[in-house]
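Novice: Each chain, letter by letter, is given below.
2 protein chains.
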Amino acid sequence: MSRRSVFEVDRLALSRIADGGAVLGSGGGGNPYVGRLMAEQVLTGGKTVPVVDIDQFADDELILPIAMMGAPSVMQEKFPSGKEIPALVAMMERLMGRKVSAILCIEAGGLNSTIPFVAAAAAGLPIIDGDGMGRAFPELQMVTFTLGGLTATPMAMFDDKGNGATFDTVSNKWTERLARALTIEMGGSAMVGLYAATAGQMKPYLVRGSLSMAHRIGELMAEHGAGAARVLAETYKGAVLFSGRVRDVARRNEGGFTRGTVAIEGTGDFRRREVTLSFQNEFLAAEESGRVLATTPDLITLLDANTGQPVTAEMVKYGLAVNVLGLPCAPIWRTKEALDLVGPRYFGLDVDYRPL
Amino acid sequence: MSRRSVFEVDRLALSRIADGGAVLGSGGGGNPYVGRLMAEQVLTGGKTVPVVDIDQFADDELILPIAMMGAPSVMQEKFPSGKEIPALVAMMERLMGRKVSAILCIEAGGLNSTIPFVAAAAAGLPIIDGDGMGRAFPELQMVTFTLGGLTATPMAMFDDKGNGATFDTVSNKWTERLARALTIEMGGSAMVGLYAATAGQMKPYLVRGSLSMAHRIGELMAEHGAGAARVLAETYKGAVLFSGRVRDVARRNEGGFTRGTVAIEGTGDFRRREVTLSFQNEFLAAEESGRVLATTPDLITLLDANTGQPVTAEMVKYGLAVNVLGLPCAPIWRTKEALDLVGPRYFGLDVDYRPL
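From first to last, the protein sequence lines stand for chains C and P. Residues 1409 to 1764 in this note's numbering are what the first sequence spells out, letter by letter. Residues 1409 to 1764 in this note's numbering are what the second sequence spells out, letter by letter.
Worth double-checking, as some hints may not be accurate.
Each pair may be met inside one copy or between any two copies, as identical chains are not told apart.
As the list claims (entries may be wrong) - Taking lysine-lysine and the BS3-like style, the derived pairs with C-alpha atoms no more than 30 Å apart in a straight line are: (1) K1611 <-> K1744; (2) K1569 <-> K1744; (3) K1569 <-> K1455; (4) K1581 <-> K1491.
Just so you know, these hints were derived from the structure itself, not from any lab. None of these values were measured; they are calculated from a predicted model.
Excised from the complex, chain C in its bound form (with noise of 0.2 Å):
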């Protein structure tokens, strides 16, 4: 089957990537520097990787997801050895009993759009232009492919010393409980392939066109710079948030994930306020002494002041100008189902979700 592809991805439209995947990341989704320096790595001389829509697939042709799993704070300090993609679609093809036809983003991220591409120019597989998220989420079962009774399993997870694993397992969330309980004992990070599914299976769950506004965003933040906040408010019905200052950051390591709060002193127009973020890898809600101004599963995203570029929960510093940008999510993530399995009362939180 010849294909048409949406677009190809040489180096500089990786970079753009990672940029736009890590706003849509909100704050999780791995760092977009060591998903910059992955693609640099993997797409030499000139070579490109197509982005091609799901509907030039044929219904039966095999979709394989894969990501980065584990604490992003641990991910930007151990970095991928090389070896695990290779043997992470060898092994998912050898469960599967046949070829895989394209490769997937399972969450949109600085890391996890980027990650892709390097098994895609692996194993010279186009990739969807979609993911299972239309963001990111700090837990395996949050794609939307679990509100389409998709199976996680079987899954196959890789670490950088050579150690593989597979899982076979009775539900998403014991995937999640079982490899994440792995990827510790990992060293907190590893490499994972998973909801391996037919084209067919996926189209009508899949979060379409990801790809492209991640390079979309990447795009428009290089060309806005310190003013991409405001642009990316107006193009994607969004809006900023907050601006201020970062006053504290709370961050610690914990059953796997990144967690943690990020206080922000408001300045200009936000000046004598004070917002707080929660995270869990990602930021989870946006809250203004008991106000909330954005939860789960709406994107919240910090973008530096200075510069416009996007500022993941595990690089945030003290004293940081930020500005905090609020995207609206994709809509298959606002009924009941959906909200039980990512809205905000599953974190902890004890707030409704409401759309921005």
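With chain C held as given, fit chain P onto it using these hints.
Specialist: Here is chain P on its own, set in the frame of chain C:
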């Protein structure tokens, strides 16, 4: 290939093996009551399982070791569902790409000398007269096969809920680390298959005859009751190291193991003396005010002084009258290389091994 069996195991014989296995288990290897209950479920209507010498197998035939992994104090309360074992055998055959010719016990123990019979009975396979330790040890890499350079992986594990996992690791120590982490997340115990290898690979390293020996020990116990400790010491060139009452037990579940100490106050010939046993699933050392009576890899086993029944480390209770039986380990454990793997210093005990 038609094979001559050493003996046929029916319900009574399996009950004897559970008792004798618990003696060889050196305080670990799982609860013999659980082993006996499982035996009664599986060997109904006069059904038997043949115990066969490994020399009856061609060098290229595949042998599958099976065990229950975890903290014994969890195992005695969290009974297997029964579905784990067929799932395990099927998964291991898929991983090895071929059929299994016989089942093997990884270790001796009240539970781990009997649970492999469930697998053998279900699959219609014989069981090998031997094991990989000649006793029980707490960690997966502690088998004679590690000395022979055999790899623990591919390994499969299943829990009572139906969750399965497989491993392919860079060392047998890494198999232990990853599988232990998953065992904890699975609730503290899991059924495992590992060290699958050909009869030819196993022959030089197998501890031979240990099922016959467990059976014989069980018979001697039934025959001699409270006098069993003395008879076993005479028969197997061991010694009754101490007799007394349990004065204190400290026990905790930690890192997927049951760990602690047992203090015993001497009675009779041992009046005015006190011995302390330390354990990590299995008893590791018996010490009397700085003097070492016995250490791993030699076997240290507690027998109820009134009944002669073995008392595993997770069952021992305040006030119980006990005999401390020491038995020599299989000779393969007495080399320098073997002592690095299972000797007292590995477990953090600051003593050299001195054979019983």
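Novice: Each hint: holds or not?
Specialist: To see whether the hints hold, each was checked on the structure:
no.	hint	result
1	K1611 <-> K1744	within (21 Å within a copy, 61 Å between copies)
2	K1569 <-> K1744	between (42 Å within a copy, 28 Å between copies)
3	K1569 <-> K1455	within (28 Å within a copy, 47 Å between copies)
4	K1581 <-> K1491	both (28 Å within a copy, 21 Å between copies)
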